[in-house]
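Enquirer: Here's the letter readout for the chains.
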Amino acid sequence: MDIGAELLSGQNELFTDPDADNARLFFRTKSRAMKNKLSTAEEVVKTMISDGDYIAIGGFGANRIPTAIIHEIVRQGKKNLGFAGHTSTHDFQVLVAGECFDRCDIAYIIGLEARGLSPAARRYIESGKVKLTEWTNATLSWRIKAAAMGLSFLPARNILGTDTFRYSAAKEILCPFTGQKYAAHPALYPDFAAIHVHECDIYGNAHVYGASVSDQDLAKAAKRVVLTTEKLIHTDKIRSNPEGTFIPFWCVDAVIEVPYGSYPGNMPYEYFSDEEHLQEWLKVEKDPEEHKKFIRKQIMETKNFYEYLELNGGIEKMIKLRSIELLIDRNKGGLK
Amino acid sequence: MDIGAELLSGQNELFTDPDADNARLFFRTKSRAMKNKLSTAEEVVKTMISDGDYIAIGGFGANRIPTAIIHEIVRQGKKNLGFAGHTSTHDFQVLVAGECFDRCDIAYIIGLEARGLSPAARRYIESGKVKLTEWTNATLSWRIKAAAMGLSFLPARNILGTDTFRYSAAKEILCPFTGQKYAAHPALYPDFAAIHVHECDIYGNAHVYGASVSDQDLAKAAKRVVLTTEKLIHTDKIRSNPEGTFIPFWCVDAVIEVPYGSYPGNMPYEYFSDEEHLQEWLKVEKDPEEHKKFIRKQIMETKNFYEYLELNGGIEKMIKLRSIELLIDRNKGGLK
Amino acid sequence: MSDYNPMELMICVAARNLEDGATVVVGTGAPCAASMLAQKTHSPNLCILFEAGGVAPILPSMPISVGDSRTFHRAIMASSMPEIMETCQRGMVDYTFLGGAQIDMYGNINSTMIGNDHSKPKVRFPGSGGANDLASLCWRTMMMTVQDSKRFTSKMDFITSPGYLKGGDSRYEAGLPKGSGPYRIITNMAIMGFDGESKRMKVLSINPGYTRKDVQENCGFELLWADRLSDTDPPHSEELRILREVVDPHRYIIGR
Amino acid sequence: MSDYNPMELMICVAARNLEDGATVVVGTGAPCAASMLAQKTHSPNLCILFEAGGVAPILPSMPISVGDSRTFHRAIMASSMPEIMETCQRGMVDYTFLGGAQIDMYGNINSTMIGNDHSKPKVRFPGSGGANDLASLCWRTMMMTVQDSKRFTSKMDFITSPGYLKGGDSRYEAGLPKGSGPYRIITNMAIMGFDGESKRMKVLSINPGYTRKDVQENCGFELLWADRLSDTDPPHSEELRILREVVDPHRYIIGR
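In the order they appear, the protein sequences are chains E, D, R and Z. Last residue of the first sequence? That's 336 in this note's numbering, and every number before it is there in order. Last residue of the second sequence? That's 1336 in this note's numbering, and every number before it is there in order. Last residue of the third sequence? That's 2256 in this note's numbering, and every number before it is there in order. Last residue of the fourth sequence? That's 3256 in this note's numbering, and every number before it is there in order.
The hints are simulated quantities; they were obtained by calculation from the structure and are not laboratory data. Cβ atoms here follow ideal geometry from the backbone N, Cα and C, with glycine treated the same way. One should not assume that every hint holds.
[Said to hold, decoys possible] Below, computed lysine-lysine pairings styled on DSBU-like, alpha-carbon distance capped at 30 Å:
| id | chain 1 | residue 1 | chain 2 | residue 2 |
| --- | --- | --- | --- | --- |
| 1 | Z | Lys3202 | Z | Lys3213 |
| 2 | D | Lys1131 | Z | Lys3122 |
| 3 | R | Lys2122 | E | Lys131 |
| 4 | Z | Lys3120 | D | Lys1293 |
| 5 | Z | Lys3166 | Z | Lys3178 |
| 6 | E | Lys231 | E | Lys297 |
| 7 | Z | Lys3122 | D | Lys1079 |
[Unchecked claim] Derived, one-sided and incomplete: chain Z residues facing chain E with beta-carbon distance under 7 Å:
| id | residue |
| --- | --- |
| 8 | Gly3021 |
| 9 | Pro3044 |
| 10 | Cys3047 |
| 11 | Arg3074 |
| 12 | Ala3075 |
| 13 | Ala3078 |
| 14 | Gly3091 |
| 15 | Met3092 |
| 16 | Glu3173 |
| 17 | Lys3178 |
| 18 | Arg3241 |
Bound-form chain E, shown alone:
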């Protein structure tokens, strides 16, 4: 079939190597041992992320995000990172504050959904400092799934015929059985991924509740994976419900126990997002100076995630957010 001529290619840069054999050679060396993987955000960011690495963040922007890791990346001043802008919202906004990345695969950036757009993220992207390649939510999900499956690409029926394709790094291919045209999406094997989970054991066997977005595939696709967890559990809880294992130990390189670790984002069944605090982020970003001050106070001058949480209301705030998550109206009823 010599129809190669008709097949189009996206013109933008592919920031990562999709080669499945190269990925296999890495995974061959990745430890499969069930060993204690407990660590700290400081240690993980120092030892598992190098300037220039390509990183991905689990969850959905301001839902079930590993805030401690995102902040620590800014705190340690990591630079020239590549970033998977997959349904990224508050996580993107934080990394922008540190000007941590200089290339970005875009599905959804700059916005915080119904909350509005981030002025700082907009300035950073419109500045031209960041190399951009266009994708979509499904495309990045499938690029990550291709890697999780040990492939170098997956075919799909989206983005064809649009500028989204033109400014992507996808390629058109034909189905060898039907002649149907497909977009081939290159596998995405990130160097590093951080995922926040509800509970996991010291080996990284994890449970997650609620929408899982792409995190099961991301845990497999990434070369190095850290889990932050609301709480540690005993492995017996994993073994008593093996069909419930969301991420198995062999995907995981480090585990950090971080109660309230998705704050200011939503953690399903645990606490809702802190909308006032997220609005504060959007507000201060309007003035670059205010923004710098805010970031200094909230991230650069806090020792870790707990100081940041304390600064914004601590456990009492979390109790309020838990009430919102559970739809409890504390002004109504209760024992007098």
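Since chain E is already given, all that's left is putting chains D, R and Z on it; use the hints.
Expert: Just chains D, R and Z, lined up with the frame of chain E:
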């Protein structure tokens, strides 16, 4: 890329249409309504399977199999079916007894794993009455996954360079990014699939425990799907644990409550396989006349699954098999 | 006849297009409100999906994110993004709603950027998110938007999500699923569909208080007109009551 | 030195090849016994996978099916067949074991049929099952088998699962994963590996009680021989004790 010449194709027949648009046109008409789907094996086999259809059976041969449906297909004398021989063992053996299919996608047939080979299945296949196309367990899993994803193919790195490929209907393709050679596996959209589950509601929202084999993908890939279930549950149980939903209602056309429905197969956490009865099957198959008599007695002359179960020990047998599944030694301990 | 605002009209009209037993992927805001209204009026069996994985939730309130816990509150399934997108790709999802900064006569939508240099946009928007995927893979795409001649344009800075591309069969020829595409564009002034052949935007009905002239003057390209051009049936008092009292009591959306 | 049978020797030798912290996909029978023995001796951290989805179970007894409930008894994960196969394809699985009716000098295996007409086989076997997948996707394939010149043949009726195909780089050139392939063939008479260049089967050590002549005479093709041909270290008494008392007390496998 004009390397088409070098790319090989499997030479055997592709029994089903992999076209994704044709499948979409069918799925467009499939009901998405949450309505009561309760039915009976007799009704389902009569109305949902036509001679000549291509069918697939969930589970793993003699583990979590929809025995009531498999028997009813033989009882109603369905003919000229196509069959997905995906880790099929006892299910294959039963359908062979009815000479129900005349074409088969092969991953694993004839054998009952550690139990030995089925003489009847062997005779049937060696007779030349059945058109055979070779695949593998992973290949059929991925062919079903391709359909579940709404594609016409998936690339994979297995079966290349072997006679398994030569006698399959797969085709070689090249990755447009790396030039890597892949086997392209055509999507498999069965006309009908039957899956046995632990529990589901009247709409077909189901829970399954233990290894899931390919059943989540099969429920999506098949055009018509029936669930047999150990027990019905209220939809509240589904809604109270939405991350645990194994199959959603929109995949399902009919629901049949069949306690002990995987007998003589294993049902994880409920009852072990009836190894004596399965050995009896293998024994009687050595003599075609014995085999005919056995099938008449066990299937043709039983009204339904319950009569078959009763014939082989009924609930008391199931209590024994439950003890084996739960590793309980009833000869030791207990209240005197 | 009860009074109403443009957003209320658009939501009520959108809701009427969602028949019982259908599936729809929605985002936050008006599309979610329209779907909830449909459920509480003529389509109790409408199945709402959210792209992060939520399926058929019993929505306690408007989600602020398509991935927040409201989107799978007492849901039938809390699945994944690939699960939802593959369900769309398989042809099991009937409707979706999109928004954007620009739309052309073929229903192509821009939600990526304004400017002519992709590497240095004049104005950068969030990008596709799931918009291109849903516009590509769901059967029928709808849009609710205030209409003006800047937004309805013949000069697209960027085509983020596919409508009928260049019209005719070009959408199918590009490889997009057969029979899918834009279905209704619901604005403050009119309701548009698309011509069966040319696939150009065609006005089906004009909203109360507007004229054919208004509709064309507030559109940057030439509109086609239905032979039987009708008046849009305005929101019924019962629709408005449910929308205001049950669906959006805090007026998060209808208050805009 | 304690007495032992050929199956016990093959299982003990296979177990020694499974280092701690490795991953191995096994079927029922001897491979499962070898993996359990390894866990109970030098590899407590060996991760056992079953193709139907079971991961790292605490095996209460020998499974009778690779999908029965023993294969995920108190397991780390009860997943799916695609999950296991994709984990292999991603390069996370180190070892697997295969069996077959025929094997050639490049480690290609036949478990499909005897005869020359595929549509009407003289003898039909179950087929690949997961064998081709695991031989293609795991890093190192091993085989335990009784050796004779019929089974070890240069005339394969059917190549079900890939070894090194035609030798040299032909396996990689066919598109199979770089660096993967047959690793050890463990028979009742000897232990074979494969030559680094030609990829032909090469005898590494000879089992007690057998001669170089025995090994060649019971092989249908010409074997290569290691420069330092050694004697196979026979089963140690502790290995045999654990195998007989803990792993297979009912002698389901070692009794064959």
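Enquirer: Hint compliance check: list the failing hint numbers for this structure, sorted ascending.
Expert: 9, 16, 18
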